[in-house]
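Q: Okay, here's what each chain looks like letter by letter:
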Amino acid sequence: MSEHLHWSDRLQRFDRRWIFLIMGLAIVVPLYLPIGFPIKPRPMTKAAFNAVEELKPNDVVLVSMDLDPASTAELEPYYRAVILQLKRKNVKLAFTTLWYQAPPLVERWLRETVDVPIAPAGTPGYDGPPDRAYVRNVDYVYLGFREGKQNIMLGMGADLHHVFDGKTDDGTPLDSIPWMKTSRSLGDFKLMVLVSAGSPGAKEYVQYVQNRYALRMVAVTTAVSTTDLAPYYQSGQLLGIVAGLSGSAEYEVLVGKPSIGVEGADVLNAGHGVVIIAIVLGNLAYFAGRRRKRKSS
Amino acid sequence: MKRILVTLVVLGGVARAEEIHPEIVEKAPKSTQWMVEMLFDQGFFSGRGVEPDGRHIGISWTRDPAVPTPVLVLRSQLPDGTDVKGRSIRVVDQGGTVLIPRFLYPSTPKVYHSAYDPSVNPLPVGTKIGEWTVVASVDGDAPDPIVDEVDPGTYVYALVPAVRGTRPDTYTGFPGDAVVTWSVSPHAAWFNRRRWFHLALIAIIAGSLFGFTWLAKRKELFVRRLAGVDAIEDAVGRSTEMGRPVLYVTGVEETQDIQTIASLLILGHVAKIAAEYDTDIRVANAFPLTMVIAEEVVRQGYANAGRADAHRPENVMFITSEQFAFAAGVNGMILRERPATNIYFGRFYAESLMLAETGFLTGAVQIAGTGELTQLPFFISACDFTLLGEELFACSAYLTREPNQLALLKAGDVMKVVIAVLVVGFTVCATLAADNLYPFTRFSIEDVLP
Amino acid sequence: MKKTLPVAFGMFVGCYMVAEYFIPHHAVRDLSAHVLEWGGVVAASAYVIGGINLVQVTWPKIRRREPDWGFKVVLLGSALVMALVGLPWRSLYGTHEPGYLDPLPGPDLAAQKNNKAIVFVDAPDDVVLTLGSITTSTKHMLASCSQRSPLPCVFVDPGELSLKAGRSVVGYDTFEKKVNLAAGDMVTLAANPGMRWGADGRFRTWIYDHVFAPCNATMFALLAFFVASAAFRAFRARNVEAALLLGSAIIVLLAQAPIGRWLTTSLPHLSDWILDILSNGSRRAIIMGAAVGAIATGLRVILGIERSHLGGDS
Chain A
1 MSEHLHWSDR LQRFDRRWIF LIMGLAIVVP LYLPIGFPIK PRPMTKAAFN
51 AVEELKPNDV VLVSMDLDPA STAELEPYYR AVILQLKRKN VKLAFTTLWY
101 QAPPLVERWL RETVDVPIAP AGTPGYDGPP DRAYVRNVDY VYLGFREGKQ
151 NIMLGMGADL HHVFDGKTDD GTPLDSIPWM KTSRSLGDFK LMVLVSAGSP
201 GAKEYVQYVQ NRYALRMVAV TTAVSTTDLA PYYQSGQLLG IVAGLSGSAE
251 YEVLVGKPSI GVEGADVLNA GHGVVIIAIV LGNLAYFAGR RRKRKSS
Chain B
298 MKRILVTLVV LGGVARAEEI HPEIVEKAPK STQWMVEMLF DQGFFSGRGV
348 EPDGRHIGIS WTRDPAVPTP VLVLRSQLPD GTDVKGRSIR VVDQGGTVLI
398 PRFLYPSTPK VYHSAYDPSV NPLPVGTKIG EWTVVASVDG DAPDPIVDEV
448 DPGTYVYALV PAVRGTRPDT YTGFPGDAVV TWSVSPHAAW FNRRRWFHLA
498 LIAIIAGSLF GFTWLAKRKE LFVRRLAGVD AIEDAVGRST EMGRPVLYVT
548 GVEETQDIQT IASLLILGHV AKIAAEYDTD IRVANAFPLT MVIAEEVVRQ
598 GYANAGRADA HRPENVMFIT SEQFAFAAGV NGMILRERPA TNIYFGRFYA
648 ESLMLAETGF LTGAVQIAGT GELTQLPFFI SACDFTLLGE ELFACSAYLT
698 REPNQLALLK AGDVMKVVIA VLVVGFTVCA TLAADNLYPF TRFSIEDVLP
Chain C
748 MKKTLPVAFG MFVGCYMVAE YFIPHHAVRD LSAHVLEWGG VVAASAYVIG
798 GINLVQVTWP KIRRREPDWG FKVVLLGSAL VMALVGLPWR SLYGTHEPGY
848 LDPLPGPDLA AQKNNKAIVF VDAPDDVVLT LGSITTSTKH MLASCSQRSP
898 LPCVFVDPGE LSLKAGRSVV GYDTFEKKVN LAAGDMVTLA ANPGMRWGAD
948 GRFRTWIYDH VFAPCNATMF ALLAFFVASA AFRAFRARNV EAALLLGSAI
998 IVLLAQAPIG RWLTTSLPHL SDWILDILSN GSRRAIIMGA AVGAIATGLR
1048 VILGIERSHL GGDS
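Top to bottom, those sequences are chains A, B and C. Terminal number for the first sequence in our numbering: 297, no gaps in between. Terminal number for the second sequence in our numbering: 747, no gaps in between. Terminal number for the third sequence in our numbering: 1061, no gaps in between.
Among the hints, a few may not be true.
What the hints assert, rightly or not - Some chain C residues flagged as far from chain A (calculated, every beta-carbon gap over 12 Å): (1) PHE769; (2) VAL789; (3) LEU823; (4) PRO852; (5) PRO897; (6) VAL917; (7) ASN963; (8) ALA971; (9) ARG983; (10) VAL987; (11) LEU1001; (12) ARG1008.
Said to hold, decoys possible - Okay, the calculated bits of chain B under chain C, using three or more residues with CB under 8 Å as the criterion: (13) 406-412; (14) 431-442.
Unchecked claim - Dumping the calculated BS3-like pairs for lysine-lysine here, alpha-carbon to alpha-carbon at most 25 Å: (15) LYS46(A) / LYS89(A); (16) LYS181(A) / LYS425(B); (17) LYS382(B) / LYS425(B); (18) LYS925(C) / LYS167(A); (19) LYS167(A) / LYS808(C); (20) LYS407(B) / LYS382(B); (21) LYS819(C) / LYS808(C); (22) LYS713(B) / LYS203(A); (23) LYS167(A) / LYS819(C).
It should be emphasised that the hints constitute simulated quantities derived from the structure, not laboratory data. In this text, all values refer to a predicted model and were calculated from it rather than measured experimentally. Where is the CB? At the ideal position from N, CA and C, for every residue including glycine.
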């Protein structure tokens, strides 16, 4: 005689692979059937946007790309949006990275977003000012990767040229580039944009150099690390934080060029929905089982 | 803190003009009073000052009446020990726009030098003209100090009112007389006064440490129970009963990370317990150097238990340094070898949930401890016992019960009490300041804490 | 001595680095700058030592055919391949220009009459050419512009012309040159950009883009499934505290996604209040506690109270 399981017991012994399948569908389906919920930027995201909007032409900005391929889904949409915003402001850009996994990724992104225009005149679906192709070692420099984590941050704060041996990654002397000649330490940059997936990243920049050199910084980070950085935003040490994929989607809306971030927002909605449903179902099963056990005892 | 307050009264040549050209008197500009401040140190409580490393000098000034004319700041080095008083100085001939040699080369007045025309020759920051170096160009006054980085030596500064030209860094006129400051040398201090608070905190820790060390040798210090640590021995016993190994993961950071060090400190005790129970312990490391140290620690743990012969070095493994490859490798170990106890102590990032969920699937008892705030929720939801933040660091002292280590634990608690008192105190002060209650309105936390 | 020397050295350096924080004198700062540089050098050399140690640890396991030795072969093989493709092999036999310009004696009268110059191209089909504002390849060029040369060619406007020849994929050399051409001038651009080795070389970039990056991203993506599984299993309202935690989790989850803000405008405010006010205090307490604990552990190591990390007994 087979045992007849109560639905709560069946639910509690649910094979996890069904949950994985449902989550997989929740991620894939919205990519083909977008829902398009409106996206309203948060104050933190708007603050980050405004900090970049306050820049003037020819201001010098340092972009620190501390990420690996794993976090590109959350950070790449913001990166593309902020680079468009920076380029249409005609600022000078210096790129660097402190993660050893990052250089090939950074170089690819520079080729795809800085060396060519992201939104030239006439781009469909984009009404903002167009950007242009930046010329390496004229409009932007790539300083390259340096190992040393916090030591490198401290070194850049004191003497950036010394940290990079006075050269860009391709060997061009920094002193031959007029705006890099006068940018000798972190304090000489009008703004720092931190694309940070973990450690070392935005948190270490704030802890080690922000206060020491009174730096202006905005950061994008993975959603899970946002809570770690939030106290620094409240204290004013970070001018703005863009939180994960949802923050990146908001940033794309603010910049005016919805792209992969906005597409990902639908996936986010569905994924969060699955997690909430999983929580509710799990609790339903738990309470039903508990009630049944109480009745039977 | 030493400050030099320099007040100079600059007369627009009124007295001389009266004697020679009386008709100019009515057109002569009013006298301008310069309040110049030279800074080369910092106070205990004020944020105003410069780094006292012997390489920085700060200069700020205001003019009365306030004049919006830009000011060109120049610096000249003097022989060491020269003492020069502040004075006004003429930089151009009357009505001229060209900087005169008498100003540019004050130390060699009898030698011929050419004048300098800054209306066609730009003067960007860093340019050397004559014996001077351009330090800054400020629109109006500088109530906040301009900080100049110099080599050790004696310097004077010239503050030159200037009219900007249309091209960047050019100047088409120099109205009024300039001011040359007192000679000043950067001060190399041996103590950074602004960090007095940090030193006070260290002194409190040191004092507590010595006090509790003295106390620990006389009586047993109370440390509250750490359920996760107490569970280690039970969990190892469970592994022995089930005939399955214990898995210990030291985190994904390098050896010099403090959490990895804390993890290695605990590993020795866990290895000793495993040796006593005759259970295999597998240690997964993310860096080769961590693996080498972990192997040594485990060997010593076995030796302490009198089971040096039972130690197998191949049980201490280096997986890989790449974060997710490490997670994949450890997950593979968990699924294949199905350890009965999984211990995760150290710094973890995104892979924490992967490891903990996989361990849960195999039915292992899981004990985790990390200082990474963002990973604690994942460990709490998937592990049986979790050490939060500082409990990881207290673990070693808790296990050994050594007086020195317990004393340090207690000293840390004193630190926390001090921090709590300060937080409450400063919050009250800031709240009262926000309500415009004097004297709290004069209080600014940035003035107290660097 | 084996343990005393490291402890003494650690104590000295540790105390110096603490004292350095309080001493602003430039002599101390200069020494600290050197120490930081040494730290950077040691950190970089740790990778070399790590690589050697990897082989030392892994090879015996392969030789003895220990369990999972096959994975060790993959590990060593992958490390070897990446190391080999990342080395700048070409520097061993010297680098050469990937192309050159060869002006032809001219002028070409027909081109001169039309106020054009001619650029002949001698390059493989897959070379991407940028001639001023024109981007093309030999496949799309004119077969013949002048009797002076049978090579594919293109007419350009006279003046300063920026020439660039490269491949459509990364990891190859690029030939770049600027040339001044008058009407009727003819020049041959010969280019065959070779493959690069090293950090920006073809192989390494391909392996990074097609193997490492997808694997890395895939592992991180697995978290989504693990979160759903953990949520189903572990988030149970067993007591009041757990119920409060659960409620907060649902509110914050909804608010973090755009759907939350679409549902109601109060949800984001409530979520921000929970994150910024309610949980912020405990979050800061844990951070401060962990920091104090880290200070205590660091002091233990610096003062030599704790030595088990050296392999000695406590």
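Q: Looking back at the hints listed earlier, which ones does the structure fail to meet?
A: 2, 6, 7, 8, 9, 11, 12, 13, 14, 19, 23
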